[in-house]
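Here the protein sequences come in this chain order: Z and S.
If you're matching positions, the first sequence starts at 1 in the working numbering and goes up one per residue.
If you're matching positions, the second sequence starts at 1 in the working numbering and goes up one per residue.
Calculated directly from the structure, the hints in this document are not laboratory data.
Please note: incorrect hints may appear among the correct ones.
If the Cβ cut is set under 7 Å, some of the chain Z residues that face chain S in the computed set are [unchecked claim]: (1) L11; (2) M66; (3) L67; (4) S75; (5) V76; (6) D78; (7) P89; (8) V90; (9) V109; (10) I117; (11) S120; (12) V128; (13) L133; (14) A135; (15) S137.
In silico lysine to any residue, SDA-like type, Cα no more than 25 Å apart, as pairs [what the hints assert, rightly or not]: (16) Z:K2 <-> Z:D91; (17) Z:K2 <-> S:R51; (18) S:K48 <-> Z:M1; (19) Z:K48 <-> Z:N122.
Where chain Z lies over chain S, by a calculated footprint (3+ residues, C-beta under 8 Å) [to be verified]: (20) 39 to 48; (21) 122 to 128; (22) 131 to 142.
Note that CB positions come from ideal geometry on N, CA and C, so glycine has one too.
Number of protein chains: 2
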Amino acid sequence: MKLSTKGRYGLQAVIDLAVHADEDAVALSQIAERQGISMNYLEQLIAKLKRAGIVNGIRGAQGGYMLSRPADEISVGDILRALEGDLNPVDCAEVNEGEGCCRISGSCVTKYVWKRISDSINDAVDGVKLSELVAESKRIQNGASATETKEKHTCGK
Amino acid sequence: MKLSTKGRYGLQAVIDLAVHADEDAVALSQIAERQGISMNYLEQLIAKLKRAGIVNGIRGAQGGYMLSRPADEISVGDILRALEGDLNPVDCAEVNEGEGCCRISGSCVTKYVWKRISDSINDAVDGVKLSELVAESKRIQNGASATETKEKHTCGK
DNA sequence: CTAATACCGAGCAAAATAATAGGAATTAAT
DNA sequence: ATTAATTCCTATTATTTTGCTCGGTATTAG
Chain Z
1 MKLSTKGRYG LQAVIDLAVH ADEDAVALSQ IAERQGISMN YLEQLIAKLK
51 RAGIVNGIRG AQGGYMLSRP ADEISVGDIL RALEGDLNPV DCAEVNEGEG
101 CCRISGSCVT KYVWKRISDS INDAVDGVKL SELVAESKRI QNGASATETK
151 EKHTCGK
Chain S
1 MKLSTKGRYG LQAVIDLAVH ADEDAVALSQ IAERQGISMN YLEQLIAKLK
51 RAGIVNGIRG AQGGYMLSRP ADEISVGDIL RALEGDLNPV DCAEVNEGEG
101 CCRISGSCVT KYVWKRISDS INDAVDGVKL SELVAESKRI QNGASATETK
151 EKHTCGK
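Go ahead and model the full structure; you've got the sequences and the hints to work with.
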């Protein structure tokens, strides 16, 4: 019941992108370096985000990535679902709603529970907009000591 | 971000146990057969539940398992946490709360998000008591056709 | 005694995750 | 036009986790 590194790295990458949204386009190499993530791996994550229409890629020299829409129109849920797939705790929470599947054998009284968890998770992540995290991130950057720089994240694993 | 079979099978096993709570002790083999789960595997799951103090084992012939307390004093959260470990989406949601870990590098603005998800999940699962599921299960059993029996669950994977 | 059961731990195959690697296509800058 | 920087695409490999099997020991009702 853990998020994979896809979700964690990916969300951080998008935040990084959003924080540097004033620049034209941010190269993958920059994000990778700032966040301490392998660039090759990050590439695969950002590909998912691109497919989901969250970021746009700009090819060629001086290319990079940009958010495809304003940060307050992107929720954490959008990002995590793009990276991790749906956030349901089991696959039948939504699916097979009206069918004979589980109910017959009586084995899916649990369905009700899964649905509740599912709804809770989705409400939680949809309620947080990327813009909020960007604001918070900038606040921390300013308040923090001047000597701090990128630093492999020792946490979050 | 999926629950493993540990959580799904395990919860079903506990429900089965609770439904048959009138009998003295329910043998693992019976639960396994009714729920269509490998007995050897189920044994490992129930061991976790035992360690967590949710079920009691009774050894010897005619032995089996019983709930260690009434079904309305056991929440789905108790059961799932026993089986899956904590239900936090990432490991640092609670940990390292007051330490320098993430905050310094500014890489953990996300912590706020993880905490929100975490709280949502835990609230959701703690809000459902085993007794509710048992009641629902019995209701379905009665309402259903008389010919139904155990049936490998085709769903929930 | 014996059969039924819980209890314990080692091992293993398959799947998922995390990462690496190499190259092709595109484009700004010179 | 050439070059260097970059996205884009796909294959492969290593590592970890999951789901499960197996063999044995301990305990107890009948």
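Against the structure, the hints come out as follows:
| no. | hint | in the structure |
| --- | --- | --- |
| 1 | L11 | holds, 6 Å |
| 2 | M66 | violated, 20 Å |
| 3 | L67 | violated, 16 Å |
| 4 | S75 | violated, 10 Å |
| 5 | V76 | holds, 5 Å |
| 6 | D78 | violated, 13 Å |
| 7 | P89 | holds, 5 Å |
| 8 | V90 | holds, 6 Å |
| 9 | V109 | holds, 5 Å |
| 10 | I117 | holds, 5 Å |
| 11 | S120 | holds, 4 Å |
| 12 | V128 | holds, 5 Å |
| 13 | L133 | holds, 5 Å |
| 14 | A135 | violated, 9 Å |
| 15 | S137 | holds, 5 Å |
| 16 | Z:K2 <-> Z:D91 | holds, 15 Å |
| 17 | Z:K2 <-> S:R51 | holds, 22 Å |
| 18 | S:K48 <-> Z:M1 | holds, 16 Å |
| 19 | Z:K48 <-> Z:N122 | holds, 19 Å |
| 20 | 39 to 48 | violated (count 0) |
| 21 | 122 to 128 | holds (count 5) |
| 22 | 131 to 142 | holds (count 5) |
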